[in-house]
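Chemist: Residue-level listing of the chains:
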Amino acid sequence: MPSPLLDVQHVTKRFGGFSALTDVSLQVHEGERVGLIGPNGSGKTTLINCIAGTLRTDGGRILFRGTDITTRPAYRRTRLGIARSFQIPKPFASMTVLDNLCIPLTYVRPARAHEVDIVAEALEILQHIGLEAKAQVIATGLTLIELRKLELARAMAATPTLLIADEAMAGLSSAEVDEILAILVRLNDEGITIIMIEHIMRAVMRFSSRIVVLDAGQTIAEGAPEDIVRNTAVEKAYLGA
Amino acid sequence: MFSFELLVNAVVAGILLGGFYTAVSLGISVTFGLLDVANIAHPVFIIVGAYAAYGMNSAFGLDPILAGLLFTPIFYGVGVAVYRLYYASFEKKGEQSLRGLVFFFGVLFIIEVSLILAYGVDYRLVEASYIGKSILIGPVGIALRLFVPFAVGLILTLALYLFLAKTFYGRAIMAVSQDSLALRLMGADPIHIKTIAFGIGIATASLAGALLIIIVPVEPAMGREYIGRVFAITVLGGMGSVGGTLVAALILGVVESLTSTFSGPSWALAVSFGMLLLVLAVRPTGLFGR
Amino acid sequence: MKTTVRLLTALAIIVLGFLLTVVLENRYYFFAAYVILQYIILATAWNILGGYSGYVNFGTPAFFALGAYTAIVLTLAGHASLPVLIVAGGLIAGLLGLGMGYLTLRLRGVFFSIATLALTVVLQTLVINWPYVGGAKGINIIRPPTPPFFNNYVEFLFVVMVGLAVGALTVAWWIEHSWIGRGLTAIRDDEEAAECSGVPTLRLKLFATTLSGFLMGVAGAPFPYYVTFVEPSSAFNLDYAVNSLAMPMIGGTMTWVGPLVGAVLLGAAQQAAMVTISSELNLLIVGVVLVAFVILAPDGIVGLVHRVVKRKRP
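Protein chains in written order, with my numbering: chain U, 1 to 241; chain H, 1001 to 1290; chain X, 2001 to 2314.
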């Protein structure tokens, strides 16, 4: 078994007296499509923040491609290949869609080239994701699905090896969910490992090769989608015993 | 020159000062600690309170503390008005806190300059029966002009604590600082609650100002000395914790008093600033932090 | 080609400044212009951190005075020449910016602002307690001999300030259009998203604070020679705090032009008003205008002009 791309080892995170994550371990291998689910407040976003680096852990280690990144700041983790999208879209509100992409394109590979190449690459990503018509629109003028696409496009601009999509489909219509799902599938086909946090069950079921369930800061189940669906502990967590 | 008597007196004076500092910081504890509004103009509202007490005192001979209590409803109203303006202009639109900060800075400035225009830069003071007298307990001299504000400060702290813990609006204020969605589900309007809270924060400035002018003579630019102190206390005490604010204020009071006695009064300010930086660097959640 | 044009423009402005000293008779103009130029630098410096990066610095007087007092110390200690004073003043103030930033920028922006608010009073206290630089009473500084081609030292300082102002504006212009400026804008818009997009937010913020402090110190270094008598209350004057903030906010914070517009308009208005109304009333008006702008026209005059121009286009 080749070593995992992402290795989260016994991570704990506390906020004051409250334990958001307790001894959480997770391994993700290259090329996988992992679904991360759990009731509200179970710690999914906290875990993502710990992996991405916007939160410091209180215990445990995180390894990416064998390197210990536990104490590395978030921007370094992005440069190593971890990208994430935000649950509530956080665009750079004063910039155009195109300029939004230019930020990761400029900063993820600092030795990078000329303005012309950056803009060209940004446009290419926008075409890939279906936003090229909105390239010159200021980010505040976008609809929800467009904002969610921008989130993903910005993550793609960081040329990640691992993409963590935090509820990228929340609040979208059924057709829009399929659109985002298609984008994620395509990214995975191109070689990007994806962790998807989602509440929309049909999306998680269809997308994931493996599902991890979190409840009250701990992993309570892990396995293939069919098994998770039948797991009583999972049922309890969602419905309450 | 060190002597035990000097030390004890300095500590006692520091504790008394700490009681006063609590009164001064309670407003920020509510508006910044609980509501997350960085009202840097708060100290200048306190100065206004001091001038209000001065006005009543010099015109009618009214006791400053009574004047402070008298003006409290007016200050509450001003606080409500200021918050409404702030909310409509900034928070509602989700603007960056940059503009909110600049807004309060502008308010601070306008008020301070207005005071200069109205009263000039000379020091003003009040007269009351207890100013100028001291009680002696053994080697310790307790100046009444320090003790009375200390006592009133403690009472004010207790009153606010009880309000926040026991009354509906008080608990709603604590709730809104933690989870305004839950509050909305309970049927209370978070904006209304926040407005009340901000009003209360400014209302404390009236009494705090009265206490200030009992302790020292006042001039318009004095508010600036208190900015560092007030925020240092609020952060050290753990944002929004009334009990924490009291403890932090006492600590700062004692440290300042000791510094003032043994190194000279002008270093006292550097102390509070140093404490602010230290707290921010080491434990930004404060002693009793959430 | 473009760079050469810009360089020549900058030089032309400085030469123009020099020519003015030859042509104009009334010394008062130079005194007034010096103040305005000083504010151009301060407003531009403030805006690099405030407008570009989104971090509000209320402690301009601290940085400005630090530049002035560094110059005083070096003058007293070794009669250093003006360029040395300027560089040293800038470096020391820059270090202060770095220190402040390092201590507070890992926290929310609000804490940085609060710390800068307290900074001025504390620094002023330290200076007041330092007899070497005159303490509370102040100190007299003797101007060096007037260099050749100039009628008097003030006119020389005026041209120096023109050069420094042009330099500051150039720095602001360059940052705005560079990758650094892009990163600062990202930080201002959404710091967390910027960090996750690969922007080294702490480093860039520290850069901005240091540069901003440096420029403020540079503005302060010639001050002792300008006034010849320096006391803490004038060097640490709150005017600097309000104006260096109001000028960019009123002029416009998004570009290098805003602080220039704000400084010229507000500075000139204040100089003109100084003879007719009291300085307190003057400041009151600035405060009111500032609040009005921050509520009603947050993008400043430049922003308003943009909007008008956009509407005219089809």
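Hint data in this document are derived by calculation from the structure and do not stem from the laboratory.
We put the CB at the ideal spot given by N, CA and C, even for glycine.
Mixed in with the good hints, there may be bad ones.
[To be verified] Cβ pair distances, simulated, as ranges:
1. Asp1189(H) to Leu2007(X): 55 to 63 Å
2. Ala1281(H) to Ser2178(X): 25 to 33 Å
3. Ile1155(H) to Tyr2028(X): 54 to 62 Å
4. Ala1165(H) to Arg2106(X): 47 to 55 Å
5. Val2227(X) to Gly1120(H): 58 to 66 Å
6. Leu1070(H) to Leu2020(X): 57 to 65 Å
7. Val2305(X) to Met201(U): 33 to 41 Å
Chemist: Which numbered hints does this structure break?
Modeler: Of the numbered hints, 4, 5, 7 do not hold.
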